[in-house]
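Quick note, the sequences are listed as chains Y and X, same order. For the first sequence, the positions run 386 to 828 when our numbering is used. For the second sequence, the positions run 386 to 828 when our numbering is used.
No lab work stands behind these hints: they were computed from the structure. One or more hints might be untrue.
As the list claims (entries may be wrong) - No more than 25 Å apart at the CA atoms, straight line, and that leaves these computed lysine to any residue pairs for SDA-like:
no. : chain 1 : residue 1 : chain 2 : residue 2
1   : Y       : 477       : Y       : 497
2   : Y       : 427       : Y       : 444
3   : Y       : 700       : Y       : 712
4   : Y       : 733       : Y       : 758
5   : Y       : 700       : Y       : 612
6   : X       : 712       : Y       : 433
7   : X       : 794       : X       : 435
8   : X       : 758       : Y       : 675
9   : X       : 712       : Y       : 577
10  : X       : 712       : Y       : 579
11  : X       : 712       : Y       : 625
12  : X       : 479       : X       : 801
13  : X       : 427       : X       : 412
14  : Y       : 501       : Y       : 455
15  : Y       : 712       : X       : 600
16  : Y       : 712       : X       : 435
17  : Y       : 479       : Y       : 448
18  : X       : 712       : Y       : 578
19  : X       : 758       : X       : 729
20  : Y       : 712       : X       : 579
21  : Y       : 701       : Y       : 751
22  : Y       : 712       : X       : 447
23  : Y       : 712       : X       : 412
24  : X       : 712       : Y       : 624
25  : Y       : 712       : X       : 615
26  : Y       : 712       : X       : 801
27  : Y       : 712       : X       : 581
28  : X       : 712       : Y       : 497
29  : X       : 712       : Y       : 582
30  : X       : 712       : Y       : 712
Here the structure is a predicted model, which is why all the values come from computation and not from measurement.
Number of protein chains: 2
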Amino acid sequence: MKKILLLGAGRSSPVLIQYILDRATASEWQLSIGDVSEEAAKEKTHGHERAEAIKFDVNDDAQRQYEIERTDLVISLLPAALHYLVATDCVKYKKHFLTASYVSPQIQSLHDDALKNDVLLLNECGLDPGIDHMSAMEIIHRLKAGGGVLQTFKSYTGGLVAPESDNNPWGYKISWNPRNVILAGQGTARYIEDGEYKYIPYGRIFTQTENIYVEGLGNFDGYANRDSLAYRHYYGIDNIPTLLRGTLRKAGFCEAWDVFVKLGITDDNFILEDSENLTYAQIVRSYLPPRNFSGNLIDDVAALCGLDPNGESMKKVTWSGIFENRKTGLAQASPAMILQQLLEEKWKLGKSDRDMIVMQHQFEYLVNGKSEKLLSSLIVKGDDHIHTAMAKTVGLPLGIAARLLLENKIVARGVQIPVLEEIYKPVLKELELMKVKFGEVIR
Amino acid sequence: MKKILLLGAGRSSPVLIQYILDRATASEWQLSIGDVSEEAAKEKTHGHERAEAIKFDVNDDAQRQYEIERTDLVISLLPAALHYLVATDCVKYKKHFLTASYVSPQIQSLHDDALKNDVLLLNECGLDPGIDHMSAMEIIHRLKAGGGVLQTFKSYTGGLVAPESDNNPWGYKISWNPRNVILAGQGTARYIEDGEYKYIPYGRIFTQTENIYVEGLGNFDGYANRDSLAYRHYYGIDNIPTLLRGTLRKAGFCEAWDVFVKLGITDDNFILEDSENLTYAQIVRSYLPPRNFSGNLIDDVAALCGLDPNGESMKKVTWSGIFENRKTGLAQASPAMILQQLLEEKWKLGKSDRDMIVMQHQFEYLVNGKSEKLLSSLIVKGDDHIHTAMAKTVGLPLGIAARLLLENKIVARGVQIPVLEEIYKPVLKELELMKVKFGEVIR
Chain Y
386 MKKILLLGAG RSSPVLIQYI LDRATASEWQ LSIGDVSEEA AKEKTHGHER
436 AEAIKFDVND DAQRQYEIER TDLVISLLPA ALHYLVATDC VKYKKHFLTA
486 SYVSPQIQSL HDDALKNDVL LLNECGLDPG IDHMSAMEII HRLKAGGGVL
536 QTFKSYTGGL VAPESDNNPW GYKISWNPRN VILAGQGTAR YIEDGEYKYI
586 PYGRIFTQTE NIYVEGLGNF DGYANRDSLA YRHYYGIDNI PTLLRGTLRK
636 AGFCEAWDVF VKLGITDDNF ILEDSENLTY AQIVRSYLPP RNFSGNLIDD
686 VAALCGLDPN GESMKKVTWS GIFENRKTGL AQASPAMILQ QLLEEKWKLG
736 KSDRDMIVMQ HQFEYLVNGK SEKLLSSLIV KGDDHIHTAM AKTVGLPLGI
786 AARLLLENKI VARGVQIPVL EEIYKPVLKE LELMKVKFGE VIR
Chain X
386 MKKILLLGAG RSSPVLIQYI LDRATASEWQ LSIGDVSEEA AKEKTHGHER
436 AEAIKFDVND DAQRQYEIER TDLVISLLPA ALHYLVATDC VKYKKHFLTA
486 SYVSPQIQSL HDDALKNDVL LLNECGLDPG IDHMSAMEII HRLKAGGGVL
536 QTFKSYTGGL VAPESDNNPW GYKISWNPRN VILAGQGTAR YIEDGEYKYI
586 PYGRIFTQTE NIYVEGLGNF DGYANRDSLA YRHYYGIDNI PTLLRGTLRK
636 AGFCEAWDVF VKLGITDDNF ILEDSENLTY AQIVRSYLPP RNFSGNLIDD
686 VAALCGLDPN GESMKKVTWS GIFENRKTGL AQASPAMILQ QLLEEKWKLG
736 KSDRDMIVMQ HQFEYLVNGK SEKLLSSLIV KGDDHIHTAM AKTVGLPLGI
786 AARLLLENKI VARGVQIPVL EEIYKPVLKE LELMKVKFGE VIR
């Protein structure tokens, strides 16, 4: 009997849990689901005989160490900042550790100890990061093997709403951590284009977008993501002239979102005084330059942002409710928390709504002196608001990697991301069987 | 014999040290100057028999505790983040602690323990914060005593260069911590105007300026500073409709500085890859939106910022050297560090240069139903590049407060700022004798 400890029973967990429980009896696995909410964990067990629910407090050292010591493998869907506590104990008790989060410097610092203790700490093994790395590496290795020299690699991913469930002006609903939706793009985006470093500060990230066309779905905005530069090394393409990783939103989203950025209300760094008694409209007004009031809030915000007050972007912003004379009711809140509360409600996935993942890799490469282009695209739709495309594409790579590890089919140890053939090959193969499949066009 | 331990022998220390040593023999004081550079500390003793220099490492727990235990009072001019270590030991060994830095949440948390141990932790006792608090409180208490009801209090301070030494297009030279000059305004500025909260995000802080006229000196830009809201409580004017604390720069400075902000190169949150081999021009180009190049860097930057490429602001920016095809030579540097290196050289105070402090308080108040205005201004010039106006106005309040404490003339304990009459009254009185004196106009 092998034991799996899953920490965090949030939105991304249902398909992962289903994957494990579907195989638990035959494979002799036992799943423990730990969450701050015992109820949430219990619900996720579906009463399966091989599943147990634990009320889990990651900051309780004794409990954390007890649970990690008695398991064989830990999968963490906790907030990224909490992984380090868990991963440190995993190294100590010699248990493998899987997560869909970016490798933090803290996690990276565990590499040598993990190697010493024969432990794999596999990160970035969800969708983005995750499937993007795996599918990119598969193509990069294939192109290289065919004599291709890579010139350009741009990769965009979006967690969106399926067209059949798209009934709001933004073309967006929330299928993952809503806090990350609000804070997206903060920090400076870094990439390389034609051999020159490119940096985009937060204040311009939603204005410097690319139009991305996806067959069958239409046009999207693509904006640059975090630090693309590091992936030249991870992907083994250190000298590629152009490399960019980005995020997709439906065309028009970014211009409207930039209104929130320009106003300043995506800020999470301070608490608004008396936040619960302020109206949304008051908060917006607080961010307007003084002596600039026409009296009409929408006109004033449009003027600040250089937009048509009757245009599509201002319609989107107005629809959000941010101009309403309604108290927030949220105490001790940052501007970002206020905005999150508003949009979490407005952008909620309805029970029968289907979300949608869109990923597009754009490659340009030289082969026999000739320039070729390859477009590789993935579209996955959710079944409903629980079995979302997001839960599938985050959960299945983790589930498959867990299976491979429990079956001793991965030899890599230390801090890794899934750019290794022994990981991406079987994971992509099994994803295909589950209809998470890329389509390719060569032009 | 009373012992004073001064930590940090930087730019702000010379006048403070002189104040202490001038009185050391008569008052029976012994001064120990601790600095990471023993040489810097030694130089600052001027061979005075009552002064000793210590090579001091604040992170060396044993040394820090040894030195604090054997002194009577500690003055810290260390970087603000290091005060907590020192203040904690001051509480432990029951020694008073003085600094010119803002009260951090960490320092604030020491209040109860400091009270218990009969220790004063006096913060914000330099210029800004410092003299601004003291002079404001003196006027606020006076106006209240005369039956005035405060409607508006705006207070601006600038550490500038004196007109006779102003020979660059910015009208600015650096008289204090150059890092803080580069990072100024980061975070969201908060104040209150006509009873409404006002917030300014970093991206707009240098565009939402007020014109401030100072008699005899001309026009300045005033931009809002950090969190003004907290001072309603500290100043005992919780219900004032308008309160703003701001920073002064010579008129035109802010529009030009905003070019750096808009580009994004005041960012201190990441390290530029290969920073030492990049030219300044390359770094600027990296921040420009792609496919927007005219080929002329100045034209492109002006276009991004909506400025005349031949206007005064672009002249200032060009003068900085940021468009030069010259390698930075600075390894592992953030954009902000690169900009600091450039401007520290360009904005250096020459040996015979005089810096200048300008402070202006603007009060509006009702008395007998009539609205009155009071303008209180302070102008202090430096003697030379060592005995700067900045070193005087930061050092003298600290020196005077130290004297008062050693003479047992301050009864307050716990974490304090100098808004208490027993502190501001004698400090302002002694400052006047030293020609640090406000002039008042009532309109």
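Evaluation of the provided hints:
1. Y:477 with Y:497: 12 Å, holds
2. Y:427 with Y:444: 20 Å, holds
3. Y:700 with Y:712: It holds: about 21 Å lies between the C-alpha atoms, which stays within 25 Å.
4. Y:733 with Y:758: Distance of about 38 Å is beyond 25 Å: violated.
5. Y:700 with Y:612: 32 Å, violated
6. X:712 with Y:433: 64 Å, violated
7. X:794 with X:435: 23 Å, holds
8. X:758 with Y:675: Roughly 21 Å separates the two Cα atoms, so the pair holds.
9. X:712 with Y:577: 19 Å, holds
10. X:712 with Y:579: 20 Å, holds
11. X:712 with Y:625: 23 Å, holds
12. X:479 with X:801: 16 Å, holds
13. X:427 with X:412: 22 Å, holds
14. Y:501 with Y:455: Judged against 25 Å, a Cα distance of about 20 Å means the pair holds.
15. Y:712 with X:600: Outside the cut-off at roughly 45 Å; violated.
16. Y:712 with X:435: It is violated: about 63 Å lies between the C-alpha atoms, which goes past 25 Å.
17. Y:479 with Y:448: Within the cut-off at roughly 17 Å; holds.
18. X:712 with Y:578: With Cα atoms ~21 Å apart, residue 712 (chain X) and residue 578 (chain Y) stay inside 25 Å; holds.
19. X:758 with X:729: 39 Å, violated
20. Y:712 with X:579: Distance of about 20 Å is within 25 Å: holds.
21. Y:701 with Y:751: Given that 25 Å is the threshold and the Cα spacing comes to 43 Å, the pair is violated.
22. Y:712 with X:447: Given pair residue 712 (chain Y), residue 447 (chain X) is violated - Cα atoms ~54 Å apart, limit 25 Å.
23. Y:712 with X:412: 61 Å, violated
24. X:712 with Y:624: 22 Å, holds
25. Y:712 with X:615: 23 Å, holds
26. Y:712 with X:801: 36 Å, violated
27. Y:712 with X:581: 15 Å, holds
28. X:712 with Y:497: Between residue 712 (chain X) and residue 497 (chain Y) the Cα gap is close to 36 Å, so the pair fails against 25 Å, i.e. violated.
29. X:712 with Y:582: 15 Å, holds
30. X:712 with Y:712: 54 Å, violated
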